[in-house]
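Asks: Letter by letter, the chains look like this.
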Amino acid sequence: MLRYSLKRALSLVLSLAVASLVIFAVIEVAPGDPASFMLGVNAQEDTLAALRAELGLDVSKTERYFTWVAGMLQGDFGVSYTYRTPVSKMVADRMWVSLPLALYALALSTAIAFPAGIYAASRRGKAGDVAVMGATQLGVAVPNFWFAMMLVLVFAINLRWFNAGGFAGWDKGIWAGLHSLTLPAVALALPQAAILARVMRSALLDILGEDFMRTARAKGLTRRQALWRHGVRNALIPVLTIIGLQFSFLLAGSIIIEQVFYLPGLGRLVFQSISSRDLIVVESVVMLLVFAVIMVNFLVDLAYAAVDPRLRSRT
Amino acid sequence: MKWIGKQGLVSGLALSALLLAGAASAKDDITIAMQLEPPHLDPTSAAAQAIDSVVYVNIFEGLTRFMGDGSIVPALAESWEISDDGTVYTFNLHDGVTFHDGTTMDAEDVKFSLDRARAEDSANAQKALFAGIDSVDVVDPQTVKVTLKEPDGNFLFNMAWGDAVIVAPESIENIKTAPVGTGPYTLGEWVQGDKIVLNRNPGYWGDQPALAQATFKFISDPTAAFAAVMAEDVDVFTGFPAPENLPQFEADPRFQVLVGSTEGETILSTNNKQPPFDNIKVRQAMAHAIDRQAIIDGAMFGYGTPIGSHFAPHNPAYVDLTGNSAFDPDKARALLAEAGFPDGFETTLHLPPPSYARRGGEIIAAQLAAVGIKAEITNVEWAQWLETVFKGKNFGLTIVSHTEPMDIGIYARPDYYFQYDNPAFQELMTTLNSTTDPDKRTELLQQAQRIISEDYVNGYLFQLAALSVAKAGVRGLWANAPTAATDLAAISWAE
Numbered sequence: 001m002l003r004y005s006l007k008r009a010l011s012l013v014l015s016l017a018v019a020s021l022v023i024f025a026v027i028e029v030a031p032g033d034p035a036s037f038m039l040g041v042n043a044q045e046d047t048l049a050a051l052r053a054e055l056g057l058d059v060s061k062t063e064r065y066f067t068w069v070a071g072m073l074q075g076d077f078g079v080s081y082t083y084r085t086p087v088s089k090m091v092a093d094r095m096w097v098s099l100p101l102a103l104y105a106l107a108l109s110t111a112i113a114f115p116a117g118i119y120a121a122s123r124r125g126k127a128g129d130v131a132v133m134g135a136t137q138l139g140v141a142v143p144n145f146w147f148a149m150m151l152v153l154v155f156a157i158n159l160r161w162f163n164a165g166g167f168a169g170w171d172k173g174i175w176a177g178l179h180s181l182t183l184p185a186v187a188l189a190l191p192q193a194a195i196l197a198r199v200m201r202s203a204l205l206d207i208l209g210e211d212f213m214r215t216a217r218a219k220g221l222t223r224r225q226a227l228w229r230h231g232v233r234n235a236l237i238p239v240l241t242i243i244g245l246q247f248s249f250l251l252a253g254s255i256i257i258e259q260v261f262y263l264p265g266l267g268r269l270v271f272q273s274i275s276s277r278d279l280i281v282v283e284s285v286v287m288l289l290v291f292a293v294i295m296v297n298f299l300v301d302l303a304y305a306a307v308d309p310r311l312r313s314r315t
Numbered sequence: 001m002k003w004i005g006k007q008g009l010v011s012g013l014a015l016s017a018l019l020l021a022g023a024a025s026a027k028d029d030i031t032i033a034m035q036l037e038p039p040h041l042d043p044t045s046a047a048a049q050a051i052d053s054v055v056y057v058n059i060f061e062g063l064t065r066f067m068g069d070g071s072i073v074p075a076l077a078e079s080w081e082i083s084d085d086g087t088v089y090t091f092n093l094h095d096g097v098t099f100h101d102g103t104t105m106d107a108e109d110v111k112f113s114l115d116r117a118r119a120e121d122s123a124n125a126q127k128a129l130f131a132g133i134d135s136v137d138v139v140d141p142q143t144v145k146v147t148l149k150e151p152d153g154n155f156l157f158n159m160a161w162g163d164a165v166i167v168a169p170e171s172i173e174n175i176k177t178a179p180v181g182t183g184p185y186t187l188g189e190w191v192q193g194d195k196i197v198l199n200r201n202p203g204y205w206g207d208q209p210a211l212a213q214a215t216f217k218f219i220s221d222p223t224a225a226f227a228a229v230m231a232e233d234v235d236v237f238t239g240f241p242a243p244e245n246l247p248q249f250e251a252d253p254r255f256q257v258l259v260g261s262t263e264g265e266t267i268l269s270t271n272n273k274q275p276p277f278d279n280i281k282v283r284q285a286m287a288h289a290i291d292r293q294a295i296i297d298g299a300m301f302g303y304g305t306p307i308g309s310h311f312a313p314h315n316p317a318y319v320d321l322t323g324n325s326a327f328d329p330d331k332a333r334a335l336l337a338e339a340g341f342p343d344g345f346e347t348t349l350h351l352p353p354p355s356y357a358r359r360g361g362e363i364i365a366a367q368l369a370a371v372g373i374k375a376e377i378t379n380v381e382w383a384q385w386l387e388t389v390f391k392g393k394n395f396g397l398t399i400v401s402h403t404e405p406m407d408i409g410i411y412a413r414p415d416y417y418f419q420y421d422n423p424a425f426q427e428l429m430t431t432l433n434s435t436t437d438p439d440k441r442t443e444l445l446q447q448a449q450r451i452i453s454e455d456y457v458n459g460y461l462f463q464l465a466a467l468s469v470a471k472a473g474v475r476g477l478w479a480n481a482p483t484a485a486t487d488l489a490a491i492s493w494a495e
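These protein sequence lines map, in sequence, to chains A and S. Just so we're aligned: the first sequence equals residues 1 to 315 in this note's numbering. Just so we're aligned: the second sequence equals residues 1 to 495 in this note's numbering.
Hints listed in this document are in silico derivations from the structure and should not be mistaken for laboratory results. Just so it is clear, CB atoms sit at the ideal spot from N, CA and C, and this is done for glycine as well. Hints are supplied without guarantee of correctness; some may be wrong.
Derived CB-CB ranges, DEER-like [to be verified]: (1) 6/A / 376/S: 49 to 57 Å; (2) 6/A / 353/S: 44 to 52 Å; (3) 54/A / 128/S: 18 to 26 Å; (4) 376/S / 127/A: 26 to 34 Å; (5) 96/S / 44/A: 35 to 43 Å; (6) 191/S / 154/A: 38 to 46 Å; (7) 353/S / 29/A: 34 to 42 Å; (8) 244/S / 142/A: 19 to 27 Å; (9) 207/S / 159/A: 21 to 29 Å.
Only pairs whose alpha carbons sit at most 35 Å apart, straight line, appear in this in silico DSBU-like list of lysine-lysine [to be verified]: (10) 61/A / 393/S; (11) 127/S / 61/A; (12) 89/A / 440/S.
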């Protein structure tokens, strides 16, 4: 278990190093000078030079890269060019929207997918299975931003149950916060739930054909008992992989949903920063997201080991 | 987060107190949405119009100010005298004006603000506004004397810009996040990425405004903007980004639609130094190849006023010169042949993000293609546009709305990105700047409009419309946008 964990940790560090280089290179290559963007078309050359010096843009790219990485190692993610606020503070603020949203969506998606997948697997080929699979097919096909607009149309504009967007703020109470995250979470969760339900179903069906399942039935367990005691647990490995991937996607991939619902989250921050060439914010936030994704994968790897004893002994 | 939490709690309490107190009387708070969030709140060190849209005449005031009709009126300066030679302006400041932190606003602050804006290391995005100032002298606490290098008929106009507001040395350090001005509203809270709340300033020197609180929300997605207004999440949306939805709001008694004019001359900018555009016949041919109304209808859903020169139609000195470049493809082809391009030519067309450019560009490219000019479209972001087009001058054609008020003077700058170099025009601008007589100025401005129209410097398309949607009960909104501003003190709710 320890060696397994160490190996995973080493690959984690390497991935991060490579990611930082790629992110920096890609973002710096895009044309556009942050100072000109901030000062606009009537700015004079001396004003621009003064601002560039103030932002630390007047040194070489190599130097900037190492300053950036060194800063991050010490937990300093730099200061936003436009907002003039430390990136870490901005990220922390936005995290209070993006993280709960991702978790909320993940919880919804799991809560829908598990029963749906198990139900479909246990009714293989019958009407219930066909209905669930049809619904998930639709769920996979529908783009989440379109679905989000439909939700707004029905629940915000017509029924007035929710606001069309915006975030109430946690200081107005947990309920107000969750209420304003509900439509975005549903929009994010349903397509994910559809995928997850399909994975759950096929994983279960694979397991149901295994010898040990037959043995379990032969021991005298009913279909239902065998499914719950031996089937579901063994189907968890592929399902966990998907959940891990989905969490990363929900955290990093909510840019469009945050735009549609104008939520002050990480995705919107990245979006705004890209268009205003706030390079340091884009670099640091993307780096943090990469870190989060890699960490989630790392944890999922460890979780495999926890559910699958065979992995623990493997070197 | 903690900081926001506390602030939010306090303002939450204040809000509920207001709601309780205001239950019987009229509504005195408002939620105003706009597309872009200000990067920070210092109008004196950035070009972002979103800053002015929030703080101009709400938090900060200048010596003079714009009104909704574009006129310039006294603000912190109660009155002024101009010396006979037009170079010395003596401003008499209002009595009893204090900044939000309680310190007094006096002549020293005016001197500080102007000197800061024109200083060597100034970060002012419109530093040119202050270039004509020779010295700023404090006569007494209520009087300040500004001496110009030469007479400048635009000086009072220049001092009305958001970039020329009066700030205090005591609070300059944190102006970007904690702006302290003299205006009728103070900053309540700013949740970055979400909203800015302004509260009425009880110590304001002028009349108390009707609204006690205003919340600015930032919604950039056009579909989200539509939904937010429809769901009545916001009371007002200024600069509404989806003109195609306006008829729906017009038909709905819950809403009012305001269609006004901006200072944005939308033009097909042409690189005058790049062949074949250095040939006036080619530029003239392009002007006749363009059907303005088709662009306004197709790209702006009918909102916009055709222009024939670089000048706002609502300005009293405006002359209608659209006749110089009437839509006439046959004439365009003939002119091209005369210029030596009977089969047309190929060029590039850079389009920045706004829909007037992206949608309009497709239509213009088709219109130019009809006379043989093949324009290859490249979509660019603003940062990229500034780099390649504006600074690099590496372009053939581009579409941009020039939103600065009274900016015909850019045609007197040969190094400006469209590179128009006409000594006669430059001389005319020098004369204009030193002329203060209003009638004479009007005449000169009209001459200027004619010169660039007849030189076909750029393709003159239309004046960008100011589109706002509001709930039916909102009164006092500016229909026109002479400068980026949301004049909260003018807004109230109908009884």
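Asks: What hints, given by number in increasing order, does this structure fail?
Replies: Per hint list: 4, 6, 7, 9, 12 violated.
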